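J.: Those protein sequences? They're chains H and U, same order as listed.
Per this note's numbering, the first sequence starts with residue 1, numbered consecutively.
Per this note's numbering, the second sequence starts with residue 1, numbered consecutively.
These aren't lab readings, by the way, just hints derived from the structure by calculation.
Check before you lean on any hint, since a few could be wrong.
As the list claims (entries may be wrong) - Across the chosen pairs, the derived CB separations fall in these ranges:
1. H:Ser325 - U:Asp5: 53 to 59 Å
2. U:Ala206 - H:Gly163: 53 to 59 Å
3. H:Ser325 - U:Ile51: 51 to 57 Å
4. U:Asp355 - H:Lys261: 51 to 57 Å
5. U:Lys43 - H:Thr159: 53 to 59 Å
6. U:Ser310 - H:Met241: 21 to 27 Å
Remember, predicted model here, so these are calculated numbers, not experimental data.
The beta-carbon is built from N, C-alpha and C at its ideal position, and this holds for glycine as well.
2 protein chains.
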Amino acid sequence: MQTLDQTVVKHHGKRALERCQSLAGISEMDGAILRQYLTPEHKRCNQLVAIWMEEAGMDTWQDEVGNQWGCLASDNPGAKRLVIGSHLDTVPNAGAFDGILGVLLAIELADIAHQQGINLPFHLDIVGFCDEEGTRFATTLIGSKALAGNFDPGWLDLTDVNGVSMSEALTAFGLSPEDVGNARLPKDDVFGYLEVHIEQGPVLEAADQALGVVSAIAGAKRAVIEFIGQSDHAGTTPMDMRKDTTVAAAELTIAIEQIAKQCQHNEVATVGYINAKPGVANVISGYSAVSLDARAQSDDDLELLLYKISRTAKAIASERQLELSWQWTHEAETVACDTKFQQQLLAACHANGEDSPVLTSGAGHDAMAIAPICPVGMLFIRSPGGISHHPAESVIPEDVEKALAVMYSAISSID
Amino acid sequence: MQTLDQTVVKHHGKRALERCQSLAGISEMDGAILRQYLTPEHKRCNQLVAIWMEEAGMDTWQDEVGNQWGCLASDNPGAKRLVIGSHLDTVPNAGAFDGILGVLLAIELADIAHQQGINLPFHLDIVGFCDEEGTRFATTLIGSKALAGNFDPGWLDLTDVNGVSMSEALTAFGLSPEDVGNARLPKDDVFGYLEVHIEQGPVLEAADQALGVVSAIAGAKRAVIEFIGQSDHAGTTPMDMRKDTTVAAAELTIAIEQIAKQCQHNEVATVGYINAKPGVANVISGYSAVSLDARAQSDDDLELLLYKISRTAKAIASERQLELSWQWTHEAETVACDTKFQQQLLAACHANGEDSPVLTSGAGHDAMAIAPICPVGMLFIRSPGGISHHPAESVIPEDVEKALAVMYSAISSID
Numbered sequence: 001m002q003t004l005d006q007t008v009v010k011h012h013g014k015r016a017l018e019r020c021q022s023l024a025g026i027s028e029m030d031g032a033i034l035r036q037y038l039t040p041e042h043k044r045c046n047q048l049v050a051i052w053m054e055e056a057g058m059d060t061w062q063d064e065v066g067n068q069w070g071c072l073a074s075d076n077p078g079a080k081r082l083v084i085g086s087h088l089d090t091v092p093n094a095g096a097f098d099g100i101l102g103v104l105l106a107i108e109l110a111d112i113a114h115q116q117g118i119n120l121p122f123h124l125d126i127v128g129f130c131d132e133e134g135t136r137f138a139t140t141l142i143g144s145k146a147l148a149g150n151f152d153p154g155w156l157d158l159t160d161v162n163g164v165s166m167s168e169a170l171t172a173f174g175l176s177p178e179d180v181g182n183a184r185l186p187k188d189d190v191f192g193y194l195e196v197h198i199e200q201g202p203v204l205e206a207a208d209q210a211l212g213v214v215s216a217i218a219g220a221k222r223a224v225i226e227f228i229g230q231s232d233h234a235g236t237t238p239m240d241m242r243k244d245t246t247v248a249a250a251e252l253t254i255a256i257e258q259i260a261k262q263c264q265h266n267e268v269a270t271v272g273y274i275n276a277k278p279g280v281a282n283v284i285s286g287y288s289a290v291s292l293d294a295r296a297q298s299d300d301d302l303e304l305l306l307y308k309i310s311r312t313a314k315a316i317a318s319e320r321q322l323e324l325s326w327q328w329t330h331e332a333e334t335v336a337c338d339t340k341f342q343q344q345l346l347a348a349c350h351a352n353g354e355d356s357p358v359l360t361s362g363a364g365h366d367a368m369a370i371a372p373i374c375p376v377g378m379l380f381i382r383s384p385g386g387i388s389h390h391p392a393e394s395v396i397p398e399d400v401e402k403a404l405a406v407m408y409s410a411i412s413s414i415d
Numbered sequence: 001m002q003t004l005d006q007t008v009v010k011h012h013g014k015r016a017l018e019r020c021q022s023l024a025g026i027s028e029m030d031g032a033i034l035r036q037y038l039t040p041e042h043k044r045c046n047q048l049v050a051i052w053m054e055e056a057g058m059d060t061w062q063d064e065v066g067n068q069w070g071c072l073a074s075d076n077p078g079a080k081r082l083v084i085g086s087h088l089d090t091v092p093n094a095g096a097f098d099g100i101l102g103v104l105l106a107i108e109l110a111d112i113a114h115q116q117g118i119n120l121p122f123h124l125d126i127v128g129f130c131d132e133e134g135t136r137f138a139t140t141l142i143g144s145k146a147l148a149g150n151f152d153p154g155w156l157d158l159t160d161v162n163g164v165s166m167s168e169a170l171t172a173f174g175l176s177p178e179d180v181g182n183a184r185l186p187k188d189d190v191f192g193y194l195e196v197h198i199e200q201g202p203v204l205e206a207a208d209q210a211l212g213v214v215s216a217i218a219g220a221k222r223a224v225i226e227f228i229g230q231s232d233h234a235g236t237t238p239m240d241m242r243k244d245t246t247v248a249a250a251e252l253t254i255a256i257e258q259i260a261k262q263c264q265h266n267e268v269a270t271v272g273y274i275n276a277k278p279g280v281a282n283v284i285s286g287y288s289a290v291s292l293d294a295r296a297q298s299d300d301d302l303e304l305l306l307y308k309i310s311r312t313a314k315a316i317a318s319e320r321q322l323e324l325s326w327q328w329t330h331e332a333e334t335v336a337c338d339t340k341f342q343q344q345l346l347a348a349c350h351a352n353g354e355d356s357p358v359l360t361s362g363a364g365h366d367a368m369a370i371a372p373i374c375p376v377g378m379l380f381i382r383s384p385g386g387i388s389h390h391p392a393e394s395v396i397p398e399d400v401e402k403a404l405a406v407m408y409s410a411i412s413s414i415d
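Construct all of the structure, not just a fragment, from the sequences and the given hints.
T.: See below:
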């Protein structure tokens, strides 16, 4: 397994971070970062990224949905393609690294290979996805889903806060709404997809590790669980004659935490809010809704977690003689990362002196949308404080250098 | 102890209920009951009540704050006064009996005494309070507080939803803002205050009893208890690295219920809402506020209850490493009903074949505001379903007759 010279690593790691700051300057907001799909800033970002790709010896193009591509071609014209990428769009008031860093590290890798005159046994494709965050239109992962052939034509009618439809925005951007489906990647051409991303969580920092290899992107399900009881006067209704739904909601909230904590495979479950009605201090609430967000690294684990929560909710409702209603609001299946990619990334970590752990991604990523068409692998970089989607989002420069070195070693081991 | 003939009871009980329906027709809302302080409906209501009082042989007058009075004078001009009353105003979309029934039953009592030519050893004063609910201006018990000399001149500047101040409304009603203080009752004139009121709770119904004697009007305190933790990504933050305030709020909610249930003197404590921020499904909430409404039949009981809750809140915050903040939003001291009045009312119940229980009032009443100037006593009438402040509010006619008979016996026993 090949490793990079430290001088090369330092130079390219530094440049990737500088370029993150350059892209942060292309923003719709004054003094804060926002870059949405199909905006002038999206276009300027793609243009600058294309220049950097070309400087790295790559052929470049923008696809039908607005993703920016670069290709470092193999001398073997019949070679298959390895895609490395992440997203170039941001949430409002974002940090500089979420998504962006993964694209810019990939360009540094291509530049190193180009400078070293290496003839890779595969075409190295780099993609900067146009939309992962879903900030402008009410749907996420637009760029990567289009690649996997999962662009829903119904999305063309979605509108942004100004009433502009995606269809109109595509046209204004210079793209053609009827051609978006052509962004689909021919399945047989691509043998794998790799993505480097900041962790956006506290696990690597707590483990004192720069990098982590992702085993799976957690499946997630969201529900609203409603208890219906009876609103009564808080002063005149004795404690033993109440049908108080807020107490039931509280019992379920405690139970959800306990059940998730007792799980063995890093399952998480969260109550983000309890919505009581009428919701005033001196009235016992006759209705309470509990939000549930549950994630696990396998669909079996998720189903077991949800079964336990559902059983507990039923028991609470029965014990308190309340009605229970359960509405699903979101569902994403677990995506397992390719075992061979995991092994190659771990071996590359070890070859570079890193004792990196294997961890689950609790957040969604483009790799999730690409998984239906090819094996995917992901490398996480430590997020100081676990902070992301915030101006205080950061990375440690040495961690970025390590990620670059590990990716170089990993790619060199792929045949 | 004297008891009434059943024919008399039936006649007067029936008329009191018919008059409740007549007053229900004097409403600011079409097809629903609303009668607020200092409105034309308040004036029409007082006028009609005054006519009924005069038919019962009483001298009538309206006092400086807008309460309607009637007096059945004793032959002894130096006799002291017994006041019987309740309120004539309503909440929006009210029932026909809350407050009103207490005033109209008192008028029937006066009418019976008048018809029987009884010379009472005290002047029997009946008062229909102008405002107990506080529906129009942001303060309650205006009429009874004015009687006790506790009308706050600052209230004159309070405005209703249309921007009309209480001062302007008094003038428009034909009263004089500067004279409101004169509604104060000379303390030495009055030896007691009695009030008949619907229970507005489920206790008597559950006990299968028509009537109950009130031992105390529960003191109440309200607070907002805030937990401050840290907002984090619901997917990427492991269960053991969270500072989730909603779970803390849920623990406190359960504890509040358990603590109140373990109390020995009918204490009640209620969480009406939990307000989590940011309050979205996929973010761990870094802030949660819990509303607390706690009531007890003595101030010592209330303090003990609140001490236990406060201690638990601190333990939860400490265990979960959260900040805790406690804001008081409302406070009303417990008002004990006069022991002698309780005994007289209980004896009157027994004399009329009623095995009435003694119970605490969880809701506030005019008697609470009168207590600073004289002993008070209250008789509760069963509320079917515990329903009040709702068009479905009702009473059982036989219960009303029993209340009338019991009040007659009780008054006849007062010397």
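J.: Please go over all the hints and tell whether each is borne out by the structure.
T.: Tested hints:
1. Between Ser325 of chain H and Asp5 of chain U the C-beta distance comes to about 56 Å, which sits within the given range of 53 to 59 Å.
2. Between Ala206 of chain U and Gly163 of chain H the Cβ separation comes to about 57 Å, which falls inside the hinted range of 53 to 59 Å.
3. Checked against the given bound of 51 to 57 Å, the beta carbons of Ser325 of chain H and Ile51 of chain U, roughly 53 Å apart, stay inside it.
4. Checking the proposed 51 to 57 Å range against Asp355 of chain U and Lys261 of chain H shows it holds: the Cβ atoms sit about 52 Å from each other.
5. Between Lys43 of chain U and Thr159 of chain H the C-beta distance comes to about 55 Å, which sits within the given range of 53 to 59 Å.
6. The given range of 21 to 27 Å is respected by Ser310 of chain U and Met241 of chain H, whose C-beta atoms sit roughly 26 Å from each other.
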